[in-house]
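Novice: So the chains spell out like this:
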Amino acid sequence: MDFGFSLSPSSAVNLDKVDLSLYDRLAAIDPGIRTCIGCGSCSATCTASAYSGMSVRKVLLAMQRGRMQEVEKMLSNCMLCGKCTMVCPRGINTRRLILNACRLYANVEGEA
Amino acid sequence: MAEYIAVVGGGIAGMETAVRLKALGLEPVLIERSESLGGHVASWHRLFPDMSHADKLIKDLEKGLEDVDVQLGAEISSLNPLRKGYSLVLTNGKVYPCRAIVLATGFSLFPAERKEEYGYGIYDHVITNRDLEGWFNGKADSRVPESPRAIGFVHCVGSRDIKAGNSQCSKVCCITAIKQAIEMKEKFPEAEVYCFYMDLRLFGKKYEDFYIKAQRDYNIHFIRGRVSEVAETIDGQVQVKAEDTLSGKPVRVRLDLLVLMAGIVCNADNQTFTQAVQMPLDDDGFFRSRDNVGAITESDRPGVFFAGACTGAKTIPETLAEARSAALNVYLYVKGLK
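So the sequences go chain by chain: A and B.
Our numbering applies: residue 1086 is where the first sequence begins, and numbers increase by one.
Our numbering applies: residue 24 is where the second sequence begins, and numbers increase by one.
Pulled out of the complex, with its shape left as it was, chain B reads as follows (with noise of 0.2 Å):
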């Protein structure tokens, strides 16, 4: 009997996955919802810090899944405890015989029409973050305007807002919109480009070079209070309201583009897996590890391991050594060492 390993997803986090776990010697089986793999990034043009093309790292990934075995446009419809690992059933009728699963089912975008005083799908020149690398990627929208002369960029969109039902940091949206915003004044050298936001978190290597880069080369202004409330004008602009909470004065402001930075938020379909192998979901809807500190790729069912942002949220980077992690942890799983 074949034993598979099972993994959930075909974003980078799956796609690294399935590559090393192949290199290691073992029989991965890639399973991903959708007709094509990729998953956030695939949507995504460039990335911090290095302004590398997202299609590069997803075609690099496609490159070492050749010889794996991969089920496209398939869900998982049932799955099943073995004696030794679980039988998995997908839509589309095959069968695996699985030894290990490993979860990479990742993350949804926060859906920024619920903030509703922010205007999305209201407004007209209202855009998210992931609409506006749809443009850069040349897709056509009516909603960026040919010449902007002021251009916002919301942070904490459906982050940090237990209101909203995510109390959490997204983790990548801070430097997502920096870099964002340099794209923009660089399409754009004579419009001004906000950025209101409650706290800059620039943890990461290279990126606090980006911030002094916006700050002292492109000449973005930060405003650090939360954005009250946007409303449309008569010639069609959007005026933004918020505090300018360093000088404690209410402060205003006219664009022709508003940019939201929403969040990384948990898949509203993780409690099926959690219910079909019978383990608790973390408090904030995320898969749970068996410790956050030394044993984050790992469960609290044997042979369930986990890879990326379907524990929280996660930059590239951390999804890739994770993935390579859960990949070797499933080989010390299958070999008996661990």
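Just chain A, with the same shape it has in the complex (with noise of 0.2 Å):
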């Protein structure tokens, strides 16, 4: 039946129940990167940024949110030049975040 409305699904991130596994994984891997502190300069120097929407800010934010999907799509329009490593303030080493993040992903063996 139409009621002329439907309803959208809640956005809330409800904290009890989100899935951290993957970003615990990562932090295992290098605890640098629960230091970031969402100053955006990774995503501003990103090339692909703005064409894609890629953004290792928005990457992490999305981890530890349990957006695991967002994160997917990003991490795949990235072109692994390094940019945002050289510019992070707090040392993070972004590049080799984004090859372990991939490596979990493809449930690929690999060395950190």
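It cannot be assumed that every hint is accurate.
As the list claims (entries may be wrong) - Below, a list of computed lysine-lysine pairs in the DSS-like style, where the Cα atoms sit at most 27 Å apart:
#1 B/K117 <-> B/K208
#2 B/K236 <-> A/K1168
#3 A/K1158 <-> B/K107
#4 A/K1102 <-> B/K208
#5 B/K79 <-> B/K228
#6 B/K107 <-> B/K117
#7 B/K229 <-> B/K208
#8 B/K210 <-> A/K1102
#9 B/K79 <-> B/K264
#10 A/K1102 <-> B/K272
#11 A/K1102 <-> B/K236
#12 B/K264 <-> A/K1102
To be verified - If the Cβ cut is set under 7 Å, some of the chain B residues that face chain A in the computed set are:
#13 G144
#14 I145
#15 I235
#16 T268
#17 S270
#18 V276
#19 R277
It is worth saying that the hints were derived from the structure and are not from the lab.
Positions of the beta carbon are idealized from the N, C-alpha and C atoms, including for glycine.
Two chains, two separate frames, one set of hints: put the complex together.
Specialist: Written out as structure tokens, the structure is:
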């Protein structure tokens, strides 16, 4: 039956239920990734960002909030140029973070 | 006629001022309203950034006060100008002719129950930063669960809040929240710890290191967004709602304990002093320094000086430095050198 309206699913993040397993595994390899302050330098310098929506800042945040579909989509647009690693004020090895994330996604055994 | 220097307030600012005045050869009288010295610091457990013990700081200051006239449980009942200085009558009947007065009356902790939406005094597991320090000091508190699995900290409770009557930043709560979050994570390693903040203002030496440690080594979750409401759940937890402003999405989480970082506000009775010595109060309700850059411990009135948080939120090292500065200024004033 058409009521003339529909309900959108809630966009709220429920921290009691988020799945942080991938993020925790990445942090186990490099605890430095937890020190992100969301400054946005990585996204600002990213060549792919303007065209594809790729953003390391958003990747990390989405992982922390359990929004893994967004992570996967963004990662596929990375060109691995490594400019983000150069500008990170916390010294996070973002390029390696992306590689590690891809490895975990692909379930490939690799050295971190 | 003995020429005293009145030091009003027996917190760390007043204690350090009195210690230094005595060392400079002057005769301070330290006046404290309560029955013990140490002020707010006395109710604290450990201090950032070195995790030193608050009671050690107070004991060290007390050692320097052995030969100082300390009046506990006494307040100023009247204050009259003399040709040179002021005559102070205390509530215990004692009279002190004073050459100068140092106001070291400190601050009040924001009454957290005024932010009703956070549920302090309403829900079973909502406490303040001071309550938590009391619990660290071994005081029993039934609001702190035995083994909490999720703990939250709300920054800026009564700070940067014009509607709550305090537009100022309280300066020390960001780093205090991080300190307390780490302490809780050390006690309960299995618990998830969340900090809800508007901005993290980590200006001091080693503060940023503390933050990095909290993120990297303790896995404390920092969520940028002011908590909008807290509600008790059927199983006695508290549910917190906020916006995760970095992702632009609403966020909610159930907690076993919520700690409110109550801010630093001016004392309600500051006006009684300013009226007695006929000087204006600052527009934030704290005492007004002659100059906020070059003369923070000096007032507009000759012979009236300030030390510590009575002119605004201060850290402990800042307070102690100001106390020393005030003591030196009093000395120069009394000796006619300035």
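Novice: Now look at each hint and say whether the structure bears it out.
Specialist: Hints versus structure:
1. B/K117 <-> B/K208: Judged against 27 Å, a Cα distance of about 50 Å means the pair is violated.
2. B/K236 <-> A/K1168: holds, 26 Å
3. A/K1158 <-> B/K107: violated, 78 Å
4. A/K1102 <-> B/K208: holds, 20 Å
5. B/K79 <-> B/K228: Roughly 21 Å between the alpha carbons, so the hint for B/K79 and B/K228 holds.
6. B/K107 <-> B/K117: holds, 19 Å
7. B/K229 <-> B/K208: It holds: about 20 Å lies between the C-alpha atoms, which stays within 27 Å.
8. B/K210 <-> A/K1102: holds, 24 Å
9. B/K79 <-> B/K264: Violated, because 39 Å separates the two Cα atoms, which is more than 27 Å.
10. A/K1102 <-> B/K272: holds, 15 Å
11. A/K1102 <-> B/K236: Roughly 25 Å between the alpha carbons, so the hint for A/K1102 and B/K236 holds.
12. B/K264 <-> A/K1102: holds, 15 Å
13. G144: Nearest chain A Cβ about 25 Å off; hint violated.
14. I145: violated, 22 Å
15. I235: holds, 5 Å
16. T268: Constraint on B/T268 not satisfied, violated at 10 Å.
17. S270: Because about 5 Å separates B/S270 from the closest Cβ in chain A, which is inside the 7 Å limit, the hint holds.
18. V276: Holds, about 4 Å.
19. R277: holds, 5 Å
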